[in-house]
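Please model the entire structure based on the sequences and the hints provided.
For reference, the chains in residue letters:
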Amino acid sequence: REDHGFHVRYRMEASCLELALEGERLCKIGDCQAGVSFFEAAVQVGTEDLKTLSAIYSQLGNAYFYLHDYTKALEYHHHDLTLARTIGDRLGEAKASGNLGNTLKVLGNFEEAIVCCQKHLEISRELYDKVGEARALYNLGNIYHSQGKNIGCIGPHDPGEFPEEVKAALQEASDYYEANLIIVTELGDRAAQGRAYGNLGNTHYLLGNFRKAVMFHEQRLLIAKEFGDRPAERRAYSNLGNAFVFLGEFEMAAEYYKRTLQLARQLKDRAVEAQSCYSLGNTYTLLQDYEKAIDYHLKHLKIAQELNDRVGEGRACWSLGNAYTALGNHDQAMHFAEKHLEISKEVGDRSGELTARLNLSDLQMVLGLSY
Amino acid sequence: LTKLQGATSEENLSQSVLMSLPGYRLPARRSSRLSQASNSRNSFYLGTCQDEPDLLEEWNRIAELQQRNKICPPH
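Protein chains in written order, with this note's numbering: chain A, 1 to 371; chain B, 1 to 75.
Be aware that one or more of the hints could be misleading.
[Stated by the list, open to error] No farther apart than 30 Å at their CA atoms in a straight line, the calculated lysine-lysine pairs in the DSSO-like style are these: (1) LYS130(A) to LYS119(A); (2) LYS212(A) to LYS130(A); (3) LYS225(A) to LYS212(A); (4) LYS51(A) to LYS70(B); (5) LYS345(A) to LYS302(A); (6) LYS51(A) to LYS149(A); (7) LYS345(A) to LYS70(B); (8) LYS70(B) to LYS28(A); (9) LYS167(A) to LYS149(A).
For the record, the hints were derived by calculation from the structure and aren't laboratory data.
Here you go:
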């Protein structure tokens, strides 16, 4: 009887672990949806090995995070935290707290996210776990960065023109990224350095420190090239373009946006390609080269239509209307102002609709006078 | 002096009332924006900041655990 009991228990253990392993394998190859089913099945079967159970909770939370089901992610990371605390596993508690913090950040619950990631930091320091400490610092930077952006996106702002509370959050983010950078540099972790540089660059861009932003994005670019990480390279080009626009160095901005465009085409990312064309159109408008501006805005318009992006299409029409007006081509300007009005009404963009009406009445006056 | 203080606190009060109204901006900020007028770089900002993607744990925690358990089985 004793032997039989052991055998049954052994089979149960094996099948729970096997299911979990399969779940993990599926997530690794990018099929998190199927992975979740296996993890859920593993939980159904159950296990008495608490370390395994903790790993399953954690990966299930991560899989739901990838699938953007943050409520479920929260649920499993919370189970993981409870389990780790119950068995007195400090390292497990630290990891679970970090995961919980990241999920709370995405849900916009910044206060609780900070408490969780502080816990992650505290335990990592207590255990002299440098990797964990660096990770916690990076995650804390990300929370303050998101918080700053979240308050800052109410109403239109230029970088550097945010209210004090936004600046305070962004400054805090910058401090955490700097602290992270010191450790990952010590550890010689180049990939982590790249991430810190990228986010530091964007934080300084938002703070209005454009020179610093350029410096950090150049570092990010260097590491992206080292790793042959083309999406990261593409992000760096685009962020460099943005910073140079605000430095008033429009030729440099155009160069970087062109590289963004090139990579977007290679990576076959149509949305990024459209964004690059739009940025290039705007940059050539600032350079008062309206022919080139029109060329890029038309490219943007074409992709927006292909992707059925009505908001983007409206923006393209508005920009084209302005560029044709600058060139004195009032008929074309009229055509795009009308399209802008039509789309603004369709998508319920009140301010776009009013702008389009004003543009149309101005153009009608110009055309009326010229007849 | 008390009158002056009264005026200041009244100003403070009206300022805090104004600040809580939707769409109100401090006048100083507004005038600096108007100088940029048609050449505004505002259209660059929204959605253009490209952040690093969220970093999650690698998909090898359970596999690692299995490896360790093979070497030293759980008691």
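**Request:** Identify every previously stated hint that the structure contradicts and give their numbers, smallest first.
**Result:** 6 and 7
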